[in-house]
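Chains as they are written, first to last, in this note's numbering: chain A, 1 to 337; chain B, 1001 to 1337; chain C, 2001 to 2337; chain D, 3001 to 3337.
No lab work stands behind these hints: they were computed from the structure. No experiment lies behind these values; they were computed from the predicted model shown. Heads up, some of the hints might be wrong.
Unchecked claim - Computed cross-link-like contacts, PhoX-like style, restricted to lysine-lysine with a CA-CA straight-line distance of at most 20 Å:
hint, chain 1, residue 1, chain 2, residue 2
1, C, 2070, A, 6
2, A, 70, C, 2070
3, D, 3075, B, 1034
Claimed, not checked - Quick list of simulated restraints, FRET-style, between CB atoms:
hint, chain 1, residue 1, chain 2, residue 2, range
4, C, 2013, D, 3088, 40 to 46 Å
5, C, 2058, A, 106, 56 to 62 Å
6, D, 3027, B, 1084, 51 to 57 Å
7, B, 1077, D, 3334, 55 to 61 Å
8, D, 3046, B, 1011, 25 to 31 Å
9, D, 3325, C, 2008, 26 to 32 Å
Glycine included, C-beta positions come from ideal geometry on N, C-alpha and C.
4 protein chains.
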Amino acid sequence: MIIVMKPQAPESSVRQIVRIIEENGLEAHLSTGKQVTIIGVVGDKNKLTNKNLELMNDVDRIVPVTETYKQASRKFHPEDSIVKVGSHIIGPGTLTIMAGPCAVETEEQLLSIAHAVKKAGAQFVRGGAYKPRTSPYSFQGLEEDGLRYMAKAKEETGLNTICEVISADAINAAVKYVDMLQVGARNMQNFQLLREVGQSGKPVLLKRGLSATIDEWLNAAEYIIAEGNPNVVLCERGIRTFETATRNTLDLSAVPVIKSKSHLPIIVDPSHATGVRSYVGPLAKAAVACGADGLMIEVHNDPEHALSDGAQSLTFDQFDQLMAEMKDYIQLAGRKL
Amino acid sequence: MIIVMKPQAPESSVRQIVRIIEENGLEAHLSTGKQVTIIGVVGDKNKLTNKNLELMNDVDRIVPVTETYKQASRKFHPEDSIVKVGSHIIGPGTLTIMAGPCAVETEEQLLSIAHAVKKAGAQFVRGGAYKPRTSPYSFQGLEEDGLRYMAKAKEETGLNTICEVISADAINAAVKYVDMLQVGARNMQNFQLLREVGQSGKPVLLKRGLSATIDEWLNAAEYIIAEGNPNVVLCERGIRTFETATRNTLDLSAVPVIKSKSHLPIIVDPSHATGVRSYVGPLAKAAVACGADGLMIEVHNDPEHALSDGAQSLTFDQFDQLMAEMKDYIQLAGRKL
Amino acid sequence: MIIVMKPQAPESSVRQIVRIIEENGLEAHLSTGKQVTIIGVVGDKNKLTNKNLELMNDVDRIVPVTETYKQASRKFHPEDSIVKVGSHIIGPGTLTIMAGPCAVETEEQLLSIAHAVKKAGAQFVRGGAYKPRTSPYSFQGLEEDGLRYMAKAKEETGLNTICEVISADAINAAVKYVDMLQVGARNMQNFQLLREVGQSGKPVLLKRGLSATIDEWLNAAEYIIAEGNPNVVLCERGIRTFETATRNTLDLSAVPVIKSKSHLPIIVDPSHATGVRSYVGPLAKAAVACGADGLMIEVHNDPEHALSDGAQSLTFDQFDQLMAEMKDYIQLAGRKL
Amino acid sequence: MIIVMKPQAPESSVRQIVRIIEENGLEAHLSTGKQVTIIGVVGDKNKLTNKNLELMNDVDRIVPVTETYKQASRKFHPEDSIVKVGSHIIGPGTLTIMAGPCAVETEEQLLSIAHAVKKAGAQFVRGGAYKPRTSPYSFQGLEEDGLRYMAKAKEETGLNTICEVISADAINAAVKYVDMLQVGARNMQNFQLLREVGQSGKPVLLKRGLSATIDEWLNAAEYIIAEGNPNVVLCERGIRTFETATRNTLDLSAVPVIKSKSHLPIIVDPSHATGVRSYVGPLAKAAVACGADGLMIEVHNDPEHALSDGAQSLTFDQFDQLMAEMKDYIQLAGRKL
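Extracted from the complex, chain A is given alone in its bound form (with noise of 0.2 Å):
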């Protein structure tokens, strides 16, 4: 932590401030310079948490030196993780493709999808039971029923499953059926719901907030790992700027950022960033090639009547299509299906 002083501060102002420091057991270090004296202050900061320095006489700012996160950060866990579900590996050298429906409708259609996505090369069906809509008369989701179907989806095609949460309810009933558990961009700062999942027991895969910074996504993450869940795949899904040509602004940057910070895998969805069909592909492209862990892509046997997102969503062609153009991206980035 670092105190710097308002210009020409008195020396009386200085030394009230090196003497909480130190009657708090930790150092501190002055730098002194013709406007401006700088504190260095070492030990656990945490001994400071209710001296609000800041509001002492003549303190101008107070700089933050370390990150709050420290399971999620890549300073004291210095290997990639991997992310186990079931038998498949999420993390460097594989490269995971979750697809399926924004929300699952019907059983027909989520099996039938599921089919689809496996014969592609998905080894992941997602679908929503639970879908959080801005409006309270959008359609809300099958809920229990949804999550049937995805059960019913992985025993018919062995794929792994993933659905999102939205209360505990909705996590007590998902554990039972589904694999993986997402929680949404809206949720991401719902730590009550982060400790739950935290608590499930089951991977996680932690969507990026609409306007979370990085370092706010990798602390919500760290909620998860802080119950004894490391299992947390991070997923960008763009940012909310003042651009309008597409649903939200897709922040590729992320995934360098994030393997500089942190050792946790990180997917992409390209869907739900752009919020059109004809943008999915090129960004999925992108996202293998900078280095993403996996893909999240949303594709729909009927788009034109799907209940939710359907101008995102892929047909079963255009995802075959797009399946068997990202291969050699794949291999070039050292990673196998």
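Model the placement of chains B, C and D on the given structure of chain A, informed by the hints.
Using the frame of chain A, we list chains B, C and D on its own:
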């Protein structure tokens, strides 16, 4: 709903869309320009939910004409709403001041603050018993003990009380102790929580999400009202932008925008918005001047030792002075404390 | 300047950096923590310009301690500045109203508006003769003819005049006709133009860029002052965010922030910020209440036929009424028209 | 153009608007819904420029249907454009690499870098002779001397040359020495400069503004083309968001969006976008994978002593290695260096 066709869309594509619209019991009105044809759709658009017309051949885009929220809209409820909390009225003619610490820390702390803000003219004491914090290692609140101290503060001072809730458990506890529930910015689209506060029967203060549009905010209010609870007050508390001189960017234009689009009362929280104590006063006055129905202001007996957000909290003296300075502004705005 | 080393940086890396700092005539102060070493650098940091210490081995990041602007900073000029335009004073104690059309359209239009805003109490007539427009096919202004009408309006009404300039040619013309030059939001970082208005000798109104931080804005002011022209007034006119209910998001917290960081006067333009006529009045009052030194407001004789920005312009009657309503707010703020 | 009326707008208001539309020689098409009437307007909307229909009684809002740019639009120019610089072709089938220092510092520096990037496969050397800098006290470039060194670099290596211009004077100098002019992000809406580079006859690289929408960016290109200069190449270089882990947020979705809306070539600058050397490589590959026509990459002989942007510059070895790694990606994308 308006459908904008691509330039030079063939007549056959236009006809196909008109057919679908009419088959579903709606009317289609064509405007055929030199470059572009547009189709006005008249009727209940929910009948087209699963048609995804934006995927039809030669459709450029769909422009929605009506908002999805109804009960929160001024269009369907032209008079200003008032929200009663006990005998206190929030809405036109009054100016509601909610003041208190960010977090409840001890019984003594809360009581001393409650007495101070009561004396200065506040009608509510606020205080967090459940604190959503970015890091799992930060202070998370006293939970039910904090709520008990709130009840005690009400008993001693007669002030109304308000507390943030972050889960079904917190709601179940809070309804026993406090007068009004708060949904925080991070939970503005925690739809499960919105439904639960809607069912609680208590008046609700709904903070705007960090990057929520006004349209999303009113849809979140709609979730609460749709559960049969019309007692919703909105709270503008700053949005996330690129600017770093303040913690968030207080969007005071939200006040007249909400007044134009909705009938719900709106209050302003300049403390969380700016994160800097010396900016609170000027923006509190500005909020009153532009038509806000109230203010939420952080006050602490000892900001230098607050466990949370000390830097933005006013001391008792500062709050006293601000209340004195605001009196004329409140009167000018045609309101009463 | 503070250098934060990576965790567990070897002593040799720290020593190398200290050596470079000292070889360049500065001092290095070490704070060696358990995890991280930080190095406080004391002395003229310009001596390190081409050292790029952030690229040295084991450096995590560099934290600047002082701002790059000096003459615009309150730290080096503690008293509020005033800017004189003719005999009119912009700054503490006064409230300056600049009113007029977005674009000068005809001599008759401008004169009729000038008379009307004069009568209502404005001290400046504003009007664009050079209009920066998103599309090359939109109306671009009357150029020198527009300036001539401005001079005529001054002659007839005695009002001060202000006009936006967008190039060296426009400056050369404008200095002959008007009292104050305006640099628009899109040109806030057109550094060539900033130097040229600096050299013009005329007082300058510097609008904040669409996505400029306050730090960048004050650095832009520094460009003007560094040319020997201290007569700079800042103008907050809304920043670009994700919100679409208003054209931009008016950042009124910029008023107290500027007052804290700088000595320059600041005025507010609620017309361009919101783009909606009915939001102008509430935000104008709010700007006065939070300490602005003035307002820029669009007024038009016939908004329904304005060539530019009619939707946000007030009619004469609306402006009269707003001026009447603002009188008490101006007095409360301790200012005079 | 579509006019959306307010709910329950009286027929008289609708009739008045229809009358104005028809009086101006356009057609009005009504869609009268239960709640809302919409009016489709067919014809040349410029005839309504000064009508400001949004101010008419009972109008809710106006929705534009067509873009304002024409010559930059794919709708009116369906085939991909190519831009020739000397004998080099920028556009489909090629992958153009522009590499070099942020700022030209000395003749020796520039020549050594030019030889290195040529050897590694670049076709352009870039280098700033006029540097727009936030602070007036930062290094501002060597100006005409810098341009002379660029000409020397071309003479020695045969590389094409590109330089940013910031004023009419800079353009007049640059056209004598370099092959292509660059308009920087801060000047994207310096419309005077856009017109001047349009008149220069040189090919132009137009960087996206820090917070420019894609629509504004294409309108800026339209300014250049409207002066008779169709040789415009776009350059995505990151937009301003709330995220601070990278200097800007590289918006790679802009590549497929531009390909969809425009026929102009687009290249990507990962160096300025991220500001961090180790993120450049992954994002360069991603740009190629999603369809970019080229890359602009900062390379420096001695990044640790660069006068500007050293932290994001690659060394010769790093650039060599990146070019080697990109070869397969370039081939996969169906392009040639």
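Checked hints:
no. : hint                           : result
1   : 2070/C with 6/A                : 15 Å, holds
2   : 70/A with 2070/C               : 39 Å, violated
3   : 3075/D with 1034/B             : 14 Å, holds
4   : 2013/C with 3088/D: 40 to 46 Å : 43 Å, holds
5   : 2058/C with 106/A: 56 to 62 Å  : 58 Å, holds
6   : 3027/D with 1084/B: 51 to 57 Å : 52 Å, holds
7   : 1077/B with 3334/D: 55 to 61 Å : 58 Å, holds
8   : 3046/D with 1011/B: 25 to 31 Å : 27 Å, holds
9   : 3325/D with 2008/C: 26 to 32 Å : 30 Å, holds
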